[in-house]
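Quick note on numbering that gives the first Met the number 0: the sequence shown kicks off at 0 and runs consecutively.
Mixed in with the good hints there might be a few duds.
Calculated cross-link-like contacts (lysine to aspartate or glutamate; reagent style EDC-like; alpha-carbon spacing at most 16 Å) [as the list claims (entries may be wrong)]:
| id | residue 1 | residue 2 |
| --- | --- | --- |
| 1 | LYS121 | GLU262 |
| 2 | LYS98 | ASP255 |
| 3 | LYS174 | GLU122 |
| 4 | LYS174 | ASP162 |
| 5 | LYS174 | ASP128 |
| 6 | LYS140 | GLU112 |
| 7 | LYS121 | ASP266 |
| 8 | LYS141 | ASP151 |
| 9 | LYS103 | GLU251 |
| 10 | LYS140 | ASP151 |
| 11 | LYS140 | ASP255 |
| 12 | LYS121 | ASP239 |
| 13 | LYS140 | GLU122 |
| 14 | LYS140 | ASP128 |
| 15 | LYS174 | ASP164 |
| 16 | LYS103 | ASP239 |
| 17 | LYS141 | ASP164 |
| 18 | LYS141 | ASP172 |
Cβ-Cβ distance ranges computed for the label pairs, FRET-style [what the hints assert, rightly or not]:
| id | residue 1 | residue 2 | range |
| --- | --- | --- | --- |
| 19 | ALA91 | SER186 | 28 to 38 Å |
| 20 | ALA193 | ASN254 | 29 to 39 Å |
| 21 | GLU71 | LEU104 | 25 to 35 Å |
| 22 | ILE78 | GLU115 | 16 to 26 Å |
| 23 | SER201 | GLU122 | 23 to 33 Å |
| 24 | SER201 | SER86 | 38 to 48 Å |
| 25 | TRP267 | THR166 | 30 to 40 Å |
| 26 | SER198 | SER86 | 52 to 62 Å |
| 27 | ASN185 | SER88 | 36 to 46 Å |
| 28 | PHE97 | GLN176 | 35 to 45 Å |
| 29 | LEU89 | VAL234 | 54 to 64 Å |
Simulated from the structure, these hints should not be mistaken for laboratory data.
Glycine included, every Cβ here is placed at the ideal spot set by N, Cα and C.
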Amino acid sequence: MSTCVRNKKREDKKGVLSFIFYLLSCRCEFTPLETPTRTLWNRECKAKPPCGFSFGISKNSAKFLTGFTLVESMVAITILLTAIVGSVSLVARGIFDFKFAKNKLVAMNLAQEGIELVRVIKENNVLCDSLNGNPPHQWDKKPGGGNLDGHDYAVDSNAIPIDIDCTPPGGSDIKIQTPSLTGSCNSPLLFDPANGRYSYVSGNPTMFSRCIHICTPPSSGKVCGSAPDTGDTPVIPPSDQMDIVSVVQWKEGGNDRSVTARERVYDWR
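Required output: the full structure, derived from the provided sequences and hints.
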């Protein structure tokens with residue numbers, strides 16, 4: 000034990016804790032920044048106890064008094080890079096999510112519009128039948144002839160409407176304009192910035208395509224395939240039920256996206 004420690008033990012009987020603090024105050028040559036003489040309780044320890052090992056570094060070297068070590072610099076750079084990369088990734092992800100949400104909202108509105116346009120065709124058929132008397136006008140009649148059954152269509156609100164001839168008993172002909180249907184779903188929708196409408200007539204090509212699947216009865220068709228309603232009283236025949244499925248597709252970020260809207264309509268007369 001060093002002379003400093005022996006002297007301290009004889010002079011001070013304050014207990015083990017005081018002894019440990021004194022030892023700490025008297026250790027020397029442990030770090031480059033320590034001074035050879037330390038003071039505790041206004042008592043000076045001038046002896047230099049052996050430390051047992053040495054770093055071989057001068058205590059007065061200026062390069063150990065200021066600056067950062069290599070490890071400290073690496074840790075600081077790592078923390079800084081982590082903060083920057085995390086922030087950039089968060090912003091980029093937010094921009095991508097915003098764009099996806101915007102496109103999905105447009106697609107959902109286009110899908111719902113497709114269903115509403117087919118409903119207009121169906122309601123116009125019912126209106127024309129109520130005006131016609133005999134012969135009856137089929138509720139599921141396709142504009143231009145034929146029936147809406149198990150086919151895929153492109154429906155357009157901005158196309159030239161098709162006239163339905165309705166002749167009330169004892170009256171003159173009445174023409175009801177109804178949306179048009181085509182037999183192709185492959186063409187992309189066009190957007191006209193002048194009126195803010197999507198159609199197949201005019202505008203700039205978009206990423207969206209829309210296909211309307213009509214199933215009469217609902218159990219038919221490659222998309223519908225659901226059982227007709229049977230729980231009502233009186234029971235509605237399957238032939239008086241129609242499923243309309245509107246599918247909008249687009250490609251985004253190399254992935255195929257789609258939204259689907261579905262509705263069942265009836266010949267309620």
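Going through the hints against the structure:
no.	hint	verdict
1	LYS121 with GLU262	holds, 13 Å
2	LYS98 with ASP255	holds, 15 Å
3	LYS174 with GLU122	holds, 14 Å
4	LYS174 with ASP162	holds, 5 Å
5	LYS174 with ASP128	holds, 12 Å
6	LYS140 with GLU112	violated, 20 Å
7	LYS121 with ASP266	holds, 9 Å
8	LYS141 with ASP151	holds, 12 Å
9	LYS103 with GLU251	holds, 10 Å
10	LYS140 with ASP151	holds, 15 Å
11	LYS140 with ASP255	violated, 34 Å
12	LYS121 with ASP239	holds, 12 Å
13	LYS140 with GLU122	holds, 11 Å
14	LYS140 with ASP128	holds, 11 Å
15	LYS174 with ASP164	holds, 5 Å
16	LYS103 with ASP239	violated, 33 Å
17	LYS141 with ASP164	holds, 13 Å
18	LYS141 with ASP172	violated, 19 Å
19	ALA91 with SER186: 28 to 38 Å	holds, 33 Å
20	ALA193 with ASN254: 29 to 39 Å	holds, 31 Å
21	GLU71 with LEU104: 25 to 35 Å	violated, 50 Å
22	ILE78 with GLU115: 16 to 26 Å	violated, 55 Å
23	SER201 with GLU122: 23 to 33 Å	holds, 27 Å
24	SER201 with SER86: 38 to 48 Å	holds, 44 Å
25	TRP267 with THR166: 30 to 40 Å	violated, 23 Å
26	SER198 with SER86: 52 to 62 Å	violated, 42 Å
27	ASN185 with SER88: 36 to 46 Å	holds, 38 Å
28	PHE97 with GLN176: 35 to 45 Å	holds, 39 Å
29	LEU89 with VAL234: 54 to 64 Å	holds, 57 Å
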